[in-house]
Amino acid sequence: MISTQLFKKIKPLIFFAIFLPSLFWSYQFINGALGVNPIEKLMDNMGEMALRLIVLTLFISSLSEFKKFRFLIEVRRMIGLFAFFYVTCHFLIYIALDHFFDMTFIIKDIIKRPFITFGFISFIFLIPLAITSPKIMVKKLGFKVWKKIHYLIYPAAILSSVHFYMLVRANKIEPAIYIFLILVLLLYRLYYKIIHPQLVR
Amino acid sequence: MKILPSEITPYKNYLNRRKFIKSSIATSLVLGASTGLEANHISNQNIYNNQLDENDSLNSFEEITTYNNFYEFGMGKTDPAENSGDFKPKPWSISLEGLINNPQVLDLEKLLQNVTIEDRVYRLRCVEAWSMVIPWQGFPLAEIIKMADPLSSAKFIQFVTVFRPEEMPGQKRKLLPWPYVEGLRMDEAMHPLTILSTGLYGHDLLNQSGAPLRLVVPWKYGFKSIKSISSIRFVDKQPDATWSMLAPSEYGFYSNVNNLVDHPRWSQGTERRIGEFKRRKTMMYNGYEAEVGHLYKGMDLRKYY
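Heads up: the sequence lines are chains A and B, in that order. In short: position in the first sequence from 1, add 42, done, that's the working numbering. In short: position in the second sequence from 1, add 285, done, that's the working numbering.
Chain A extracted, bound-state conformation (with noise of 0.2 Å):
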């Protein structure tokens, strides 16, 4: 059993341990060591690493029902947050470095392309959540209003694994995995919220 004082303890490990893929990649970015098509590679890193990070904060919101992972909802919000830094990575690589700011060329992109446009709108669900990230934010907006927007949380993770499996050529199973766990995680929030307390009552 982990205290929620002692992960309390080790979470500034953790936000380390997020955060150094992206200093790593840019230092590898900046050296040539990110092989020959650097800016696809780096684009491709911080977009899989958002991804499973918003996997991993439907994990912990789940989990954390349970007493035992009780401790973990400690990260949720910083990963959350991580997760949107990485996607604001990813896409901010797409529009200076891939494009270098043509934006007539990347407002039709994001249009005519549905693989970008379903990751462009998920980006776009993600901004009110991490606007409304500070606790503050909760008790300004009221638990139930902050939480409603927090929903957008799973529009966002189909988004953006569909995202990826739409980009991928052929043998989509790894993009496929991660559709399937977010299905799952989805379901198991409805039945927890829903189903699950009309049967105890």
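If you're looking for bench data, these hints aren't it; they were derived computationally from the structure. Treat the hints with care, since some could be wrong.
To be verified - Heads up, simulated BS3-like pairs for lysine-lysine below, C-alpha to C-alpha not over 27 Å straight-line: (1) A:K154 x B:K563; (2) B:K588 x A:K154; (3) A:K150 x B:K588; (4) A:K83 x B:K362; (5) B:K563 x A:K83; (6) A:K189 x A:K235.
As the list claims (entries may be wrong) - To be clear about the criterion: a stretch of chain B counts as covered by chain A if any three or more of its residues have a C-beta under 8 Å from a C-beta of chain A, and this derived list gives those stretches: (7) 350 to 364; (8) 457 to 467; (9) 552 to 563.
All residues carry an ideal CB built from backbone N, CA and C; glycine is no exception.
Given the coordinates of chain A, work out where chain B should sit on it, guided by the hints.
Relative to chain A, chain B alone:
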């Protein structure tokens, strides 16, 4: 395309040059210079520079051989370079099959004694919107077609990549329906730009580049240029091609580089030349319109993409 006769090198000279390269590598290793391979490539560059079109420069040997799509060795770009060590490109034979007068199994070494290896510097444009400039060595596909002596009913050619799951780890998984197949119309196959390549930068093809023999069709997206060819079939109907079978709405049989017809996944209007920061505009038929445009005159390129 400018090919100076002086640059056409008989295959034997290539063998000699390779020997020279090998021995100089040995020497440089003895001397402790770890960049022996690279050094030899650089010294060869003058040969190719004459063939370079304006605004193009050669991609390095390292770029060309560490960033590959060759799903037989895995789906990642560096997988082919990392996972192709067990592949044995020697000895090799190619079977000529179908509607021809001379069906036969050709031994590659013998075949190469009867052809002249030429230098061909071509742009390679991948459907994923990246590109490279590669100094190939090879001979016109037309040479092999002449040996096969096709019947008049042969309208298309299908190419098949070797199937060796023991040596090609990607083939142990169902990444694609194996073996990989591709095809060309007869006039495309006979076109002088279409070559079978045996090497690049004066080296035998490395396994990740499609050793020992691969197709190079510079005006089509890279996936048409099938690697490690084991058979060539002459047929009367448009043959199956792997990507086109897998996702017909995304990959057509022709798959000519066309900046005007977009792919649902990638805009084909621009491309990233490997090694460059800003994207370039993609050229119609990858810049070979003058040479190949007539092959598609009157065809609706939106329908036959």
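Quiz item: Which earlier hints turn out false for this structure, listed by number in ascending order?
Solution: The structure breaks none of the hints.
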